[in-house]
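**Student:** Residues per chain are reported as follows:
Number of protein chains: 2
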Amino acid sequence: MKLSQLFTKTAKEAPADADSVNARLLTQAGFIQKQMAGVYNFLPLGLRVLNKIENIIREEMNAIGGQEMVMPALTQEESWQKTGRASLDILFHLQGQNDAKMVLNPTHEEVITPMMKRFIASYRDLPFAAYQFQVKFRNEARAKSGILRGREFPMKDLYSFHADEKDLDDYYEKVKAAYFKIYERVGLGEKTILTFASGGAFSKYSHEFQTFCEVGEDTIHLCEKCRVAVNADILQDQNSCPECGNKQLKPYKAVEVGNIFKLRTKFSEPFGLTYKDAKGQDHLVEMGCYGIGLSRLMGIIADIFNDDKGLMWPESVAPYKVHLIALENEPGVAKSAQKAYKELKERGIEVLFDDRPDVSAGEKFADADLIGLPIRVVVSKKTLQNKSVEIKGRHTDKMTLVGQDKLLKAIED
Amino acid sequence: MKLSQLFTKTAKEAPADADSVNARLLTQAGFIQKQMAGVYNFLPLGLRVLNKIENIIREEMNAIGGQEMVMPALTQEESWQKTGRASLDILFHLQGQNDAKMVLNPTHEEVITPMMKRFIASYRDLPFAAYQFQVKFRNEARAKSGILRGREFPMKDLYSFHADEKDLDDYYEKVKAAYFKIYERVGLGEKTILTFASGGAFSKYSHEFQTFCEVGEDTIHLCEKCRVAVNADILQDQNSCPECGNKQLKPYKAVEVGNIFKLRTKFSEPFGLTYKDAKGQDHLVEMGCYGIGLSRLMGIIADIFNDDKGLMWPESVAPYKVHLIALENEPGVAKSAQKAYKELKERGIEVLFDDRPDVSAGEKFADADLIGLPIRVVVSKKTLQNKSVEIKGRHTDKMTLVGQDKLLKAIED
Numbered sequence: 007m008k009l010s011q012l013f014t015k016t017a018k019e020a021p022a023d024a025d026s027v028n029a030r031l032l033t034q035a036g037f038i039q040k041q042m043a044g045v046y047n048f049l050p051l052g053l054r055v056l057n058k059i060e061n062i063i064r065e066e067m068n069a070i071g072g073q074e075m076v077m078p079a080l081t082q083e084e085s086w087q088k089t090g091r092a093s094l095d096i097l098f099h100l101q102g103q104n105d106a107k108m109v110l111n112p113t114h115e116e117v118i119t120p121m122m123k124r125f126i127a128s129y130r131d132l133p134f135a136a137y138q139f140q141v142k143f144r145n146e147a148r149a150k151s152g153i154l155r156g157r158e159f160p161m162k163d164l165y166s167f168h169a170d171e172k173d174l175d176d177y178y179e180k181v182k183a184a185y186f187k188i189y190e191r192v193g194l195g196e197k198t199i200l201t202f203a204s205g206g207a208f209s210k211y212s213h214e215f216q217t218f219c220e221v222g223e224d225t226i227h228l229c230e231k232c233r234v235a236v237n238a239d240i241l242q243d244q245n246s247c248p249e250c251g252n253k254q255l256k257p258y259k260a261v262e263v264g265n266i267f268k269l270r271t272k273f274s275e276p277f278g279l280t281y282k283d284a285k286g287q288d289h290l291v292e293m294g295c296y297g298i299g300l301s302r303l304m305g306i307i308a309d310i311f312n313d314d315k316g317l318m319w320p321e322s323v324a325p326y327k328v329h330l331i332a333l334e335n336e337p338g339v340a341k342s343a344q345k346a347y348k349e350l351k352e353r354g355i356e357v358l359f360d361d362r363p364d365v366s367a368g369e370k371f372a373d374a375d376l377i378g379l380p381i382r383v384v385v386s387k388k389t390l391q392n393k394s395v396e397i398k399g400r401h402t403d404k405m406t407l408v409g410q411d412k413l414l415k416a417i418e419d
Numbered sequence: 007m008k009l010s011q012l013f014t015k016t017a018k019e020a021p022a023d024a025d026s027v028n029a030r031l032l033t034q035a036g037f038i039q040k041q042m043a044g045v046y047n048f049l050p051l052g053l054r055v056l057n058k059i060e061n062i063i064r065e066e067m068n069a070i071g072g073q074e075m076v077m078p079a080l081t082q083e084e085s086w087q088k089t090g091r092a093s094l095d096i097l098f099h100l101q102g103q104n105d106a107k108m109v110l111n112p113t114h115e116e117v118i119t120p121m122m123k124r125f126i127a128s129y130r131d132l133p134f135a136a137y138q139f140q141v142k143f144r145n146e147a148r149a150k151s152g153i154l155r156g157r158e159f160p161m162k163d164l165y166s167f168h169a170d171e172k173d174l175d176d177y178y179e180k181v182k183a184a185y186f187k188i189y190e191r192v193g194l195g196e197k198t199i200l201t202f203a204s205g206g207a208f209s210k211y212s213h214e215f216q217t218f219c220e221v222g223e224d225t226i227h228l229c230e231k232c233r234v235a236v237n238a239d240i241l242q243d244q245n246s247c248p249e250c251g252n253k254q255l256k257p258y259k260a261v262e263v264g265n266i267f268k269l270r271t272k273f274s275e276p277f278g279l280t281y282k283d284a285k286g287q288d289h290l291v292e293m294g295c296y297g298i299g300l301s302r303l304m305g306i307i308a309d310i311f312n313d314d315k316g317l318m319w320p321e322s323v324a325p326y327k328v329h330l331i332a333l334e335n336e337p338g339v340a341k342s343a344q345k346a347y348k349e350l351k352e353r354g355i356e357v358l359f360d361d362r363p364d365v366s367a368g369e370k371f372a373d374a375d376l377i378g379l380p381i382r383v384v385v386s387k388k389t390l391q392n393k394s395v396e397i398k399g400r401h402t403d404k405m406t407l408v409g410q411d412k413l414l415k416a417i418e419d
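So the sequences go chain by chain: B and C. Residues 7 to 419 (my numbering) make up the first sequence, in order. Residues 7 to 419 (my numbering) make up the second sequence, in order.
Honestly, I wouldn't trust all of these hints.
Any copy, or any two copies together, can satisfy a pair, since identical chains are not distinguished.
In silico DSSO-like pairs for lysine-lysine, Cα to Cα no more than 30 Å straight-line [claimed, not checked]:
1. K18 <-> K285
2. K256 <-> K404
3. K40 <-> K88
4. K197 <-> K388
Hints were generated in silico from the structure; no laboratory data involved.
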C-alpha cells in the first residue's frame, strides 16, 4: 500500500477525549476513529490488525476441530427470558415494527443451544464444537479504556457439546492449550497468565486469561511457583494457589484477554437440549463456552507495545511488515524506492510505502515510528551513493546499510 | 471436511415456515437456520458460500482502488437527525444506559461522511474510495423471501469521494464495470441487467442491478436492443429506453442484487464535508455510494440454480468443489476414498467427504444432490473392481468412470 493513496492520515495531536494509551496511539496513527463512547471505526490499518488476530485465532480453533459459522446479533427476547437473563443490564432491547421484542446478543448461548436441537439427537452426534467471529453488543453504563471495553466489538466465541462431563473436561484442556498458543502467537505469551475465576453454580472454577498490564482494570494474585493466578472473587474464598496450595500470592494489575467456562447443563436444561444414549435414554448435553475479544486483544497489544514515539507491533499482527520510505522527492530516490517496493511485494512481503512527494523527511520518520511496523527501510540520496538501503528495526536504534540487491534477504532473515 | 464430523445434517422435510425456495433448500441442506423472521444463522456450509461471495467482491473492490475498513452498527441518533433520516421507519432505535439515543445503521452515509472530515482538507486528499463488509439492520414490517429481505444481513458498501462531478462520473462507471464482473463471477452475469432507477433530488438516475427471477418482487422493463431496463418508478415518467429511446420495453420479474448512486453533495452538505481547491477556496465534496447485499446474492443464486433434487451451486461460490462419497461401509472402499480425499486436499481442491459409515447409498446420493456441489465423485465396490472412481457433474446425469490415478486430472479439467 502506498501512503500517498491511503485515505487515513496520522495526527500530531492526541485526541482530546482519549481515555487510554491504546485510544490515543491508535487514533493518532490512523488505525481507529471513535464514533461514540465504546464504539469505534476500524480504519484500513486497524482492520488489517484485527484480521491478523482473527486469522491466528481461526487457525487455532480449526486445529482443535472447531467448525466456523456465524450467528445473528438480533434475537427474540423470549429466548433470554427462558434463561432468566432478559433483565441483564448490559442487554440492549429493541422493538420491531410488528411489536416483536428483540435484544442484541452480548453472547450466544441463547442462540446456539436451542439451534442445536435440530442437529443433536443421539450420542453419535456428539461431541463437536462450533465457533464464530461476530460483533457483540453490550449496553455498558460506562464504556472505557479505548477499545478494551466497548459497547460494540468483534469477538470469537466457541461452544462445545459433549455427552458427558469427562469429555467436556478433556476438550476444555484442549481449548486452554489453544488459547495459550494464540497469546503466544500474537506476542502476549510471556505476559499472559491462566487465572482461576468463579465457576458459577455448575462448576468449581472457570478460567480467565489475564495479561499483565499496569493500566489493567483487574488485579490478579499470582503464584510465582506455578505461574497461575486467582482473581479477586476467588481470593475471598481461598487465598492460596489452587494448584500447589502456596499462600504467598502476589497482586498484579492485569487485563482479561479471554475466558473459558464449563457451562455443564446450565443452558441445555432450560432449552431441553438432550441426546439419547446407546440404550435410548435421554440425557442433557454438557456444554462449554470459550471467548476472546478481538479488539480487546488489539487494544492491549497497543497498550503494552509502544514507546514515546508510537506503536511497536509484534510482527505477527502488524498491519504490514515493512515501512518503506522514499526520503527525498528526487527522481533517483523515487525510482529506487519504487523498485524496492515492487520486489518486496512480489516476494509476498507486506509493505507500507511512504511515497509522498510533499512530506518532509522528519515527518516521514515520525509517521513510521507512530505507525510502528517492525522494520523500516529507507531509500535516500545518501544510501544510493553506496547503492544501498538503510534498514532499522522498530525496537532498536541500530541502522544497517545493505546493498540494494541484498534487501530481500536482509528482510527475510 | 468430513460429513461424519460436520455438525449440521440435512433434513428430508421442508421447514414448515419456509417462505421461499432459497429458505427451503438452504435450510434443508443445512446452510442456514432461521432465528426469527428475517434473521438467520449461517451454518458452516452457508458461511463458506458467503465467504466465497465476499472474496470475489473484495477482489473487484480492491481492483478499483477501494480501501477496506469497517464501521460500527451503533451510531448516535443525532447524526441521523442531521440528515433528516431519523424518522425512517426501518431504523431500529436504542436507548443506552446513560440515556444516549442510538440507532442501528441500515446504511453508513451518516457515519462515513462526518468521519472523513478528519481526512479530507485539500483537493490533494481526493479522490478515494472506502468500503466495508458489515452487518446492516432494517426494522422491516414484513421480512420475507428467506434470506433475500432480512432484518439483519451482511452487505458490502463502498463510498467514493471526489473534488468534482466529472471525477465522480468517471469513478461511477468504473464501479458499474466492477459490479458486472462480480455478477459474472458469481454465475449471474447473463441474467443481470443494468436498470435505471430514480436518482433523487441530486442526480437524474441511479442504477440498480436486477437479476431475472420468476419469484422476483420487482418488475423491470427491458429494452432488448440495449439490454438495459428501467424500473417501475422511472417507467411512470418515461416509458422508453434511456439509451436509445426505444418504446418497446418488455416487463420481466426480477430481484435487485445491487445498486449504485451518485449522492453528489446530499451528505457532504449537512455534515459540512468540504475541501480547499488550489486557490484556497472551499467546496463541498462529491460522493457516490455503492451497495451489494451478500446474503441476498446467496439467496438469489439458490433461488435460480436448483432442481427438484436440490441446490446446484456455480463453482465459484460452491462451499466445496467436490462431493466425495465412500458408498459402502467396507474397508476397501473406505481406504480408497480416504486416499482420494487426501490427494484432492493436498492438491488444494476443496472436498466434502461423505465418510459416514451408517448411512445408506440412497441417502448419500440424495444428500449430494441436495447440497449441490459441482462435482460428485463416488468410490464403491463396483468402481474398485475397475480400479476406478465414478465422476458426475451436478448439472448432468452422465457418469464417467476414470482410473483412480486419473482422478486429479479429471477434476481439474
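**Student:** Each hint needs a verdict: does it hold in this structure or not?
**Tutor:** Hints and how they fare:
1. K18 <-> K285: Classified as between: cross-chain Cα gap 25 Å, same-chain 70 Å, threshold 30 Å.
2. K256 <-> K404: Cα proximity of K256 and K404: none, with 37 Å in one copy and 72 Å across.
3. K40 <-> K88: between (36 Å within a copy, 19 Å between copies)
4. K197 <-> K388: neither (41 Å within a copy, 59 Å between copies)
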